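Each chain, letter by letter, is given below.
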Amino acid sequence: MLHVNSSADGPVDLRRFFHDLATPLSGASLHLERAARLIERGEDASEALTMVRQQLERAFELFERGRAELVG
Amino acid sequence: MKVLIVEDDVAIRKGLESAVRELGSEPKAVGTVGEAGRALDQFDPEVLIVDVHLPDGDGIEFFRSAHEAKPDRDGIVLTGQASLDSAIEALRAGVSDYLLKPLRGPQLEVVFQRLSARRTLESEVDTLRDALQETGRLGELIGKSPIMLKAFECIRRVARSNAPVLITGQSGTGKEVAARTIHRLSRRAAAPFVAFNCGAISPTLIESELFGHERGSFTGADKRRVGYFEEASGGTLMLDEITEMGAELQVKLLRVLEAKTLRRVGGTQDLRVDLRLISATNRDPAEAIKEGKLREDLYYRLNVIPMALPTLAERREDIALLAEHFRRQIEEQEKNGVTSWDPASLKMLESYSWPGNVRELRNVVHRAYVMTEGDTIVPEVLEELLPELARRAPAPRRGRKR
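Sequence order for the protein chains is A and B.
Counted the way the numbering used here counts, the first sequence spans residues 1 to 72.
Counted the way the numbering used here counts, the second sequence spans residues 1 to 402.
Read the hints as simulated data drawn from the structure, not as lab findings.
Nothing here was measured: the structure is a model prediction, and the numbers come from that model.
Treat each hint with caution, since some may be false.
Stretches of chain A that chain B covers, calculated by requiring three or more beta carbons in the stretch to come under 8 Å of a beta carbon on chain B [unchecked claim]:
# : region
1 : 21-32
2 : 49-57
3 : 61-70
Here are a few chain B residues that sit away from chain A, every Cβ distance over 10 Å (derived from the structure) [said to hold, decoys possible]:
# : residue
4 : Arg180
5 : Pro192
6 : Lys223
Capping the alpha-carbon separation at 20 Å, the derived lysine to aspartate or glutamate pairs in DMTMM-like fashion look like this [what the hints assert, rightly or not]:
#  : chain 1 : residue 1 : chain 2 : residue 2
7  : B       : Lys14     : B       : Glu35
8  : B       : Lys14     : A       : Glu57
9  : B       : Lys14     : A       : Glu47
10 : B       : Lys14     : A       : Glu43
11 : B       : Lys335    : B       : Glu373
12 : B       : Lys335    : B       : Glu324
13 : B       : Lys14     : A       : Glu64
For each residue, glycine too, the CB sits at the ideal point set by N, CA and C.
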């Protein structure tokens, strides 16, 4: 859930925006590294890559919602 | 290492689980504080990786309680930029490290290597502590009696913590030696140990001795002086004979302990205090409070961990061990060739009441060493030093050996 405060009495909460975005990016990064390890060992990395894709989609969605709120 | 991961985001949780396994540790991942609480009992982790914000509670608070239950547990906090302040607070609360989101595997690897190196070192120190205890020695403390082994165990546990300790015990029981041992076995061992006797300094000077003073703050203060609190910064400060400190200064000490800052006499700046405080008294603290010699609120601040040292009479089985330890120490310094005890001499020492405790024993051993003409300390020498014993149970007279 993205919490962007663009109220008249305060600045937009950019820190919170980045904080929320960091969660799916963490997931994407960790599963990308997992996929790399699996590929290196010759194992199936498709599940790990699906996770990466899901996390990137989630990050993109959060980013678009945040951007919409930030730029009006 | 058994690692419990507490993170509500499924993707991060699974990613961390895989990364932790890859680093050779055994992970278990849960999503809530409730599940984590149950996992503590069943899984008994050595390391906790916790998110700061969890759906049903605060990750740092959860770590704090898990750490209190088992102080050997290490914690790693997962945090984003927005909650970096709380992560820094967590480090102060005993968490070993933090991981900043977005997370990367190599970041975890570095933190794990650091943690693993520290745990290995601590385990080596523990082994050393055990070995010392088996030989009847912990730091400079000597003893194999059950009561001393209990005290050793207490010291070992206390050394790992940072909490204030109040040591009670009769004069000569080794309160300063115990404090020094706690310091040497603690993580503060590389920083100074400073001992201050509150009863040995004039009440008017104690404040400036403890907290320091600025130049010109009173007549005679011709230059700035750093006090014992600042001298012990990062290390351990021992305040002996704490009940001899005046009531007014006790209030100031309480304020310093609560605010963790001090101000030099005549100063205007508050200075941060980072030390471990060990206080000691040869009086009964409860009586000292009744008599108005010790403020009750200060007592509770100082007495987070109480430690009572036994009198020598309460651990007679350690007397021969101590006497031999002191003889060796003295022989190393003086090299007069006094290398042994007549068994009857040790029996005599064991039957004496030792009102001055270990300090008195050391003095007697030193005097006996000096007065011995041969290589063995014989009962006749002790009879001269301890006439009470000679009157009560004269030892058999025998020739002095060389």
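Subject >> Numbered hints the structure breaks, given as an ascending list >> reply: When the structure is compared with the hints, numbers 3, 13 turn out to be violated.
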